[in-house]
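Taken in sequence, the protein lines are chains C and U. Under this note's numbering, the first sequence has 223 at position 223, and the numbering climbs by one with no breaks. Under this note's numbering, the second sequence has 356 at position 356, and the numbering climbs by one with no breaks.
Hints listed in this document are in silico derivations from the structure and should not be mistaken for laboratory results. Careful: at least some of the hints might be erroneous.
What the hints assert, rightly or not - Taking lysine to aspartate or glutamate pairs in the EDC-like style, the calculated list, with each CA pair at most 20 Å apart, reads:
| no. | chain 1 | residue 1 | chain 2 | residue 2 |
| --- | --- | --- | --- | --- |
| 1 | U | 582 | C | 276 |
| 2 | C | 214 | U | 2 |
| 3 | U | 307 | C | 38 |
Unchecked claim - Quick list of the computed label-pair ranges, beta carbon to beta carbon:
| no. | chain 1 | residue 1 | chain 2 | residue 2 | range |
| --- | --- | --- | --- | --- | --- |
| 4 | C | 274 | U | 182 | 38 to 44 Å |
| 5 | C | 292 | U | 588 | 21 to 27 Å |
| 6 | C | 277 | U | 404 | 41 to 47 Å |
| 7 | U | 358 | C | 159 | 57 to 63 Å |
Said to hold, decoys possible - Facing chain U, according to a computed beta carbon distance under 7 Å, are these residues of chain C, among others:
| no. | residue |
| --- | --- |
| 8 | 20 |
| 9 | 24 |
| 10 | 207 |
| 11 | 209 |
Built from N, CA and C at the ideal position, the CB exists for glycine as well.
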Amino acid sequence: MVVILSEPLNIAVIIKLEPDFSEGNVSYNPNGTLNRAETKNTLGPHSAIAAHAAFFGRVMYDAKVSIGTMGPPIADLALKQAQQISDAGELHLYSDRLFAGADTLGTAEVLRVGIGKMQGKMDIVFSGHRASDGETGQTGPQTAWKLGFTFLGNVISYSVDLETRMIRAKRLISLQGSSNVIEEVEAPLPVFISIDPTYKSSYNTVSQRLAFQKYQKEATQRADNYKDYFKIFNAKELGVDETLVGLPGSPTIVYKVERVPKSTATRQSEVIDGSDPEQIRKVVAKMKEALAAMVIK
Amino acid sequence: MEKYDVAIIGGGSAGLAALKQLSHLGKQAILLEAGSKIGSKNLSGGILYSKKPKKGQITNVEQLYENFLDDAPIERKITKYILHSTSQDKVYSMDLTAAHDYQANFGYSVLLSKLNSWFAKQAEKAADKLGGGIIPGVHVKSITWNEQNGTSIIQTDELDEFEVKAIIAADGVNSEVAEMVGARKKFTPEQLFQGVKVIVKLPEDIINKRFGVSSDEGAAHLFAGDVTLNHIGGGFLYTNNDTISVGAVYHFDSQISNPTTPYSLIDTLLKNPMVSEFIKDDVPIKPEIDKNLPQEEQLRIRFAVAKLIKNWYEIREASLSSSGRDSLINSGKYKTVEEIQKSLSTLQEQMTEKFSLTFGTDYLEDEYGAKLVPDGKRCQMKKPYFKNILFVGDAAGRGVFVGPRIEGINVGIDDGVRAANAVARALDNDNFSENSLGEYYSKSVDESPFTTDMKQIDKDYLKIFLDAAKDVPKDIIGSRYGPILKMMSSGTMRGIAVKFANILGYDKLLPMIESEDTYVKVPIKLAERLGETVLSSYSPSIPSIADRIANLNYNDDSLAHIKVVNPTSEYMKKMVTLCPTKCYSEEGGKVIIQHEGCIDCGTCSQETEWRHPRGEKGIHYKYG
Ligand SMILES: Cc1cc2nc3c(=O)[nH]c(=O)nc-3n(C[C@H](O)[C@H](O)[C@H](O)COP(=O)(O)OP(=O)(O)OC[C@H]3O[C@@H](n4cnc5c(N)ncnc54)[C@H](O)[C@@H]3O)c2cc1C
Ligand code: SF4
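Bound conformation, chain C alone (with noise of 0.2 Å):
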């Protein structure tokens, strides 16, 4: 009998370091906006789903796991909240002077350049759909251009064949105005991946979830030990090419913020005691009406 032993597979993340919006944590300036200073961080919760789609590979396919973000020193807290979830073997940091002000693009040539240096070579790049803060979605597809690699958006599952290195993926697209549809789509090796925000990984076997209740265990006591996983660099130590990245390898200006003016209100509101059957009533009587109304095909 031949065994064919076939590659491992190689995964990266890359993840972001976000403001913590819940209450307790989060704080506002006099003027309505965020006050950063003392605003708590954490992982972006885009990233996290990132990372639990990363983990899946870990389970279903023994990959190799790797991170990295760019960000302030303090990043580092994202990086071990992710590890935590997705059971990485590497952690970076990419963090200097050089790349403040950067724009999607000037990021995106750091991730790039860091990617590169991430322990084997990548099969699959993940990313977040996009960051909580005022993101809009680009870096990750200007990652996967700049990497040269084939890019899958709004990914909800994915399935590997090792031998033959290809991936199938079901993708969920929104069509405005009917409801969404699910495409199945098959890709070559290596491929970037940015998750959909509704990813769920599901495990479905006995063996499988006894795969992933161990791959957790070790996640959680290499979170514990991160600092052994982590590694920083700066523009120099990555090699990166300076004009690339940072504010003049960034194109856009933002040359002013507007904040989206509230309309006024056309509905009327009441407040239902939600205790009292006779208001419910109420409510459900309004209801059939307004259904009523609708014409529904």
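Position chain U with the ligands against the provided structure of chain C, taking the given hints into account.
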């Protein structure tokens, strides 16, 4: 189809003990637990005992988990055990520490969410190596048998079906396994207690001072009398490390015949002046935000106040606990204890000056929960097996509840070990038949001293109560107990009387002991005649049931796991009152359910199609 040797269904203390023991014996087993995390669905009072019975062998927790006393997240070793009889502001107290110490190595207060999670870590370490382990978030929904080889096929809501040779059912008092295979009928109200409990936060130093204990000691206080609202049962208050468990356990048939909402039972207990004083603390009072301010400013203030209060609690809690102080100093944030205190008072000043926050006396409730408890004396399974399935712990209806003796966790652990031993033997012999596996286990359970305790009166245990009650005027005890007491107070007569009573049978005597006289009337009389007046300096602001539910952590299941079968039955109408989270309401003579607030207590299970929610869904207790 994947194949494994043994499946354990349910990851409470009993199931985890079975996994630990099987792994210890080198046998592969997987444990399936519906909760998303081990411990998230378990609720107890609770005191975990280690016992040394006069006759017979048991496995105690510290024998199964060798590092238990050094490493386990146990709260406090209970060193004071006091029974209070109450009537309004009068309390008469009796020291029952001797009853607590009776045949005990120790009794620790515990919180099951933490403790079971620790048990799981220990059990899993060993199970991993044998290709087994723990799988949380999986709800078993059916079991069938392969007719040819007798193996079981387990179906769950989450995973592909798989095959096992033997099953240990540790799925608790509302065991679906028992029901789906027809091993036993659902327990009846006469066989059950309804337990309800809240967790109150209180810093460690305050607990030490108030209860007169050191950091590793604790107190247990039991309550009977008017706090029971005429129900047969009583209240308890146990000190944990930096929380207090306050709860009430009532005979469920007493609740059925005279329904009282479970939360009013607990509220009555909390309002008792002695309990109120035990749980009180300094609390920050949020200021009313000026509604005329611009919306953004209101929001900014709300967030700022929330943050300050959170900080205040964090620093205060740490400053009032030995480990908290150490970790603040070790972290380098503060150099001395004085520095911590200074920063706390600065913070306090800031809160008052900037946001006109004030401080007052109240109590801080952090979790509400409820569950049925099987009364082992009345419901333990005579044959705790069915085909290749063995039942353990609450699922088998075991649990020793005799007077103030409340033991379920330790009994389940011992059962789990017995079942594991039986299954290991069956694997060695490759014989999983009822005659071999089932009978071997059944015999082992019969030999358990806990089983004997559920069948017989122990005269030495009884004597402790007689001694404790020796100063009680006989006329209070009344005509009912007078002659018995007289007979029992003489050594020789007591021996004869207990023998006679045991011949007559425990079940015949129980109604007399477990009566309104014992739990309500006599204690009220005692308190009125002999009690001391206890006054409370404040009245606790008790959260409404809606607030309590809102404070619980749920993962809502869109599918209803409970179906009302007969919406007009008298039983179901009582559920409107008896469901601890108000899931039932009556409209036009019909009872309807809204399952989202369900905490899987089992109270309504008798007349409903009742399942636990699917894996990871439903209630998730923080303390348990
Ligand atoms: C208010 C109160 C006070 C108590 N006080 C004490 C005390 O002081 N001392 C003491 O020793 N005992 C006390 N008890 C009793 C004690 O808590 C129980 O006897 C003990 O916790 C039962 O453990 P168990 O493992 O048998 O069941 P459980 O802890 O109920 O565990 C059963 C587990 O099975 C899981 N499960 C159920 N169905 C399925 C399914 N189909 N698929 C997968 N998983 C499933 C559940 O999620 C649960 O985690 C008290 C109980 C209550 C309610
Ligand atoms: S619905 Fe039934 S099981 Fe759920 S909390 Fe209410 S009484 Fe308990």
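Here's how the hints hold up against the structure:
1. U:582 with C:276: 14 Å, holds
2. C:214 with U:2: 18 Å, holds
3. U:307 with C:38: 10 Å, holds
4. C:274 with U:182: 38 to 44 Å: Since residue 274 of chain C and residue 182 of chain U have Cβ atoms about 41 Å apart, the given range 38 to 44 Å holds.
5. C:292 with U:588: 21 to 27 Å: Since residue 292 of chain C and residue 588 of chain U have Cβ atoms about 23 Å apart, the given range 21 to 27 Å holds.
6. C:277 with U:404: 41 to 47 Å: Since residue 277 of chain C and residue 404 of chain U have Cβ atoms about 43 Å apart, the given range 41 to 47 Å holds.
7. U:358 with C:159: 57 to 63 Å: At roughly 59 Å between Cβ atoms, residue 159 of chain C and residue 358 of chain U fall inside 57 to 63 Å, so the hint holds.
8. 20: Violated, about 11 Å.
9. 24: The hint holds - residue 24 of chain C has a Cβ within 7 Å of chain U, the shortest such distance being about 4 Å.
10. 207: For residue 207 of chain C, the interface hint holds, since the closest Cβ of chain U sits about 6 Å away, which is under 7 Å.
11. 209: Holds, about 4 Å.
In this structure, the one hint that does not hold is number 8.
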